[in-house]
Every structure is written in C-alpha cells, then in structure tokens.
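Colleague: For reference, the chains in residue letters:
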Amino acid sequence: MLIKSSTLLTEADVTPEAVYRQRRRFMQGAVGAALGLSMPAWATQSSALTYTQTQYGQQDTLTPEDVVTSYNNFYELGTGKNDPVKNASELKTANWSIEVAGHAEKTGVFHLEDILKQNPLEERIYRLRCVEAWSMVIPWVGLSLASMLKQFAPTSKAKYVKFTTLHDPKHLSGQRNAFSTIDWPYVEGLRMDEAMNELSFMATGLYGKALPNQNGAPIRLVVPWKYGFKSIKSIVKIEFVESEPETTWNKLAPHEYGFYANVNPTVDHPRWSQASERRLPTGLFNIRKVPTQMFNGYGEQVAYLYKHMDLAKYY
Amino acid sequence: MPNVFLWFVIALPAILLGYGFFKIQIAGDLLYWTAEPGKYLVHFTGQWAIGFLLMTFAITPMRKIGWVNWVVYRRRLGLAAFAYAVLHLACYAVMMLGLDLNILVDDFAKRPYIFAGMLALAGMLPMAVTSTKGWQRRLKRKWKVLHKLMYVVVVLVVVHLWWQVRQDFALALMVTLTALLLGLLRFKSKAA
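Residue numbers (numbering that gives the first Met the number 0), protein chains in the order written: chain A, 0 to 314; chain B, 0 to 191.
Hints were generated in silico from the structure; no laboratory data involved. You can trust all of the hints, since none of them are fake.
List time: in silico BS3-like cross-link candidates among lysine-lysine, alpha-carbon distance up to 30 angstroms:
{"id": "1", "chain 1": "A", "residue 1": "K91", "chain 2": "A", "residue 2": "K105"}
{"id": "2", "chain 1": "A", "residue 1": "K288", "chain 2": "B", "residue 2": "K22"}
{"id": "3", "chain 1": "A", "residue 1": "K158", "chain 2": "A", "residue 2": "K236"}
{"id": "4", "chain 1": "B", "residue 1": "K147", "chain 2": "B", "residue 2": "K109"}
{"id": "5", "chain 1": "A", "residue 1": "K85", "chain 2": "B", "residue 2": "K22"}
{"id": "6", "chain 1": "A", "residue 1": "K306", "chain 2": "A", "residue 2": "K158"}
{"id": "7", "chain 1": "A", "residue 1": "K236", "chain 2": "A", "residue 2": "K91"}
{"id": "8", "chain 1": "A", "residue 1": "K169", "chain 2": "A", "residue 2": "K250"}
{"id": "9", "chain 1": "B", "residue 1": "K109", "chain 2": "A", "residue 2": "K250"}
{"id": "10", "chain 1": "A", "residue 1": "K312", "chain 2": "A", "residue 2": "K158"}
{"id": "11", "chain 1": "A", "residue 1": "K312", "chain 2": "A", "residue 2": "K156"}
{"id": "12", "chain 1": "A", "residue 1": "K169", "chain 2": "A", "residue 2": "K91"}
{"id": "13", "chain 1": "A", "residue 1": "K80", "chain 2": "B", "residue 2": "K109"}
{"id": "14", "chain 1": "A", "residue 1": "K208", "chain 2": "A", "residue 2": "K149"}
{"id": "15", "chain 1": "A", "residue 1": "K116", "chain 2": "A", "residue 2": "K208"}
{"id": "16", "chain 1": "B", "residue 1": "K109", "chain 2": "A", "residue 2": "K288"}
{"id": "17", "chain 1": "A", "residue 1": "K236", "chain 2": "A", "residue 2": "K80"}
{"id": "18", "chain 1": "A", "residue 1": "K156", "chain 2": "A", "residue 2": "K116"}
{"id": "19", "chain 1": "B", "residue 1": "K109", "chain 2": "A", "residue 2": "K312"}
{"id": "20", "chain 1": "A", "residue 1": "K80", "chain 2": "B", "residue 2": "K22"}
{"id": "21", "chain 1": "A", "residue 1": "K156", "chain 2": "A", "residue 2": "K236"}
Turn these sequences into a full structure, and let the hints guide you.
Modeller: Below, the structure written as structure tokens:
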C-alpha cells in the first residue's frame, strides 16, 4: 500500500505572501523556460504537494499511477483513451482563474491560487467508477468542495451548483473535432446538498503531485458515488443556480446519461449492464471483474440524499 | 496483385496482434494496448473485419471502372473478414465478459447493437461455409443468390456501428459513405 509522507500544516508553515509570489514568479519563469511548458502558477518546481492524510480508501488497492495518468476520458484532448496523455500539452493551465457567479455573496473572477490559499490540502483515496463499467482507485489531493464553496457564501436561492470546463478550441483539438456532437464547453452540476456532502472533493493533485493535464488540471471535481462523467475536469466557472443545470451528456443522450448518475448496479445503461465493473488495469485473460456496489460503496455517506427518490427514474 | 501481397494484407492484423501480444506478455509492456487490452482488441478486430468486408465490396466496382480485376482475391478477403469477425466476437466474449454466458444472453436480448452484430456474423457464416469451389459447383446459380447475403451483412454492420455512437460518429460515417460509394459504383457505373 502506497502511503505518501504527510506534513501537518501550522500557521508557522504559511509562507508570507510576498515571498510566496516572488518564488512563484521565479519558478514559473525558470522551469517554464527550461522545459518550454506552461505550469500552473502555484505549482512548485517538482510539483510535489504538501498535504495531510485522511482515512478514505485506506482498504482499497491503488491503481498504478501510469494507468491513472494514461487511460482517460477527456474528449477535449481527443476521444481515444490515451489521446489525453498524448495531447496533454494542448491544455494551457498557466494563470488559471475561476469565475464564480450566481446566487452567492462573493462572486467574480478569482485566481486559482487565491481560492486555494485558504485551505490546506488533504489526500483522499477514492474509487472512481466510469459509466463504461471500468473503475480505478485513485489517491487524490485537494480540498473538500464544501470548504471551497463556503468561501463564496452561497445564498438560500442557490439550489444547484453548475460547473463549466475550459473552452479553448484554438488549442484543444477535441473541441475542433467536426465529427463530435458535443456542445462545448463541458458542463456538469450537483444539487446543493450533494455539493456540500463530506465526500464531494475538488482535486488539484494525485499521487502526491499536481494534477497531470490529462486528469483535468489544474482543478477538477471528484464525486466518487457517481459515474465518472460527473467529475468534471479543468473547471473555469462555478455558478450557483436555482434550477437543475443542463449537463452535457444528459443533453446529448438523455436516455443514457441522467443528471444524478449515481452508481447503481440495479439500473442498466441502455447498452450494457451496470451490475459489475472491470477494475483497471485488466489483463488479456483476466478482466478483474468486481461487482458494482450501490453508490460505489459510499452509501453510508450519501444514501440519505436520495431517501425519497426513485433512482430508477432519476438515473 | 501478386499472391504474396494479398497474404501479407490478410496477415497484417494478425502480425500486429502477435506483436502486441509479445509486447504485453513477454516484454512486460503491460499498457501497450491501453489499460483495457480486451476493449482495445474488440475494436481492433472489429475494424479490420469491416476493412476486409469493404475490400470485398470494392472488387466489382474496381473491375467496372476498368481499373483492376481482382475477382480471384475476393474469396480470401471475404474469409479474412469472417475470421476477424469471429475473433471480434471471441475477444468480446472472453476479454470483456469473462465468458459469462448469462451476460451474453442478456446482451442478445437487451442490446440492439449487439443483436445486429450477431446477425451480421450469422449472415457471414453460410457464405464462409460455402466459399469453396466444391460448393460453388454444387449450388450453381443458387450460390450467387446466397452470396448476395453480403448486402444484408453490410447494412447490419453499418447499423451495428451507428447504434454504438455516443458522440463521435467519424467511424460510422466513414464506413457508411464508403459502402454507399462502392454500392453506387457497383450498380450505376457502365458494365465492364
């Protein structure tokens, strides 16, 4: 079991802002110049992150890092499973900012580093279950969605949170694909109580390092009890809205992809059963089949959210 | 086209499969066919089966437009299509379903695109069986009628593709347009 070393952060560890910014500018310039890459401004030279451990997923076997970072559904970077890692450099993450809008007291455009600086990072090992019936166990690094959203003080009119991914067809080849019927940019959403649930997570890293581009750098959502397509990547906008937002896959194929998309072995996808999943990486003759659990095994933390809902109807 | 070249084309996917197999099982490059090699193989074998299918369809058009007469190669190309289609089903049953027959039966009943694929394969079977000269002699004119089943197979294959499109329709469109073009050339162009 891979357990990364952890550091408990105290006030004394907080870098004075002036020094922090000076270092960032130097690092970004030096490393960027040396590698010809654009790096997120808040990443350190080695992109190693400082974080604390949590109890999530300690009993699950981790999926190897090279699998996690080379088998991705990130159609903005191509539709093949290894297109995102091959085209990773198309995603420009420098000077990333997030627009916060809608029913909240603090709205506007914020630099990512300003949003993150209030919250120490923690590592959570979560299972990720794709709607395609494969799954992984990933050690994410980030912060709870609830603690991030609380910074913006959403009002009582905020019933849902709507997330939007970067729209950059100039660089992202997948968004220029004439054969794709996806209406860019990618949009996802959560009901407010789902967003505030303890499990909802905003990841900025995995395996102790900053998120690779193909995994949705520099910041992405992780909702482990729902199918993977709900865990929207490379977020540029967070909006607090009153009614259920129209999400990309639901708009594209409403009979296949619902808004709730809770992992549910009793509700088939129209084209395949959801009763089991293949835990990656699979071998040629060993498909590592695992029975799928209700809510991906997180029922204890989330079942209450759907107590009076017919989940066959609200798939 | 010399025989050697034909055998090379038919063997090419098998060579690629063998190489991949070597890379994974012996050279230890476990992710050579992505983290889900079974899925990769299902797509690989399916695409080559379609490729050979379209090649058999190109034979008469190529003759009609006065380019080359490769009728003698059509049988081998057709059998190659059948072989890779069978492999496609085998990979699916073994590597995606783990030979779970319950799921296979479920697939048949509940998934239209799989049913279309199965029908296409079923359509190819009698043609594969009667592909020999012996059968041609035995069936005479009925042989030609039987082998017109290929048109039904092509339609089923196109349906099998379109019913799987989630958001990227490039492959389905390319195959459909190619089949339509070949069909047009076959039936509309001046007889050679």
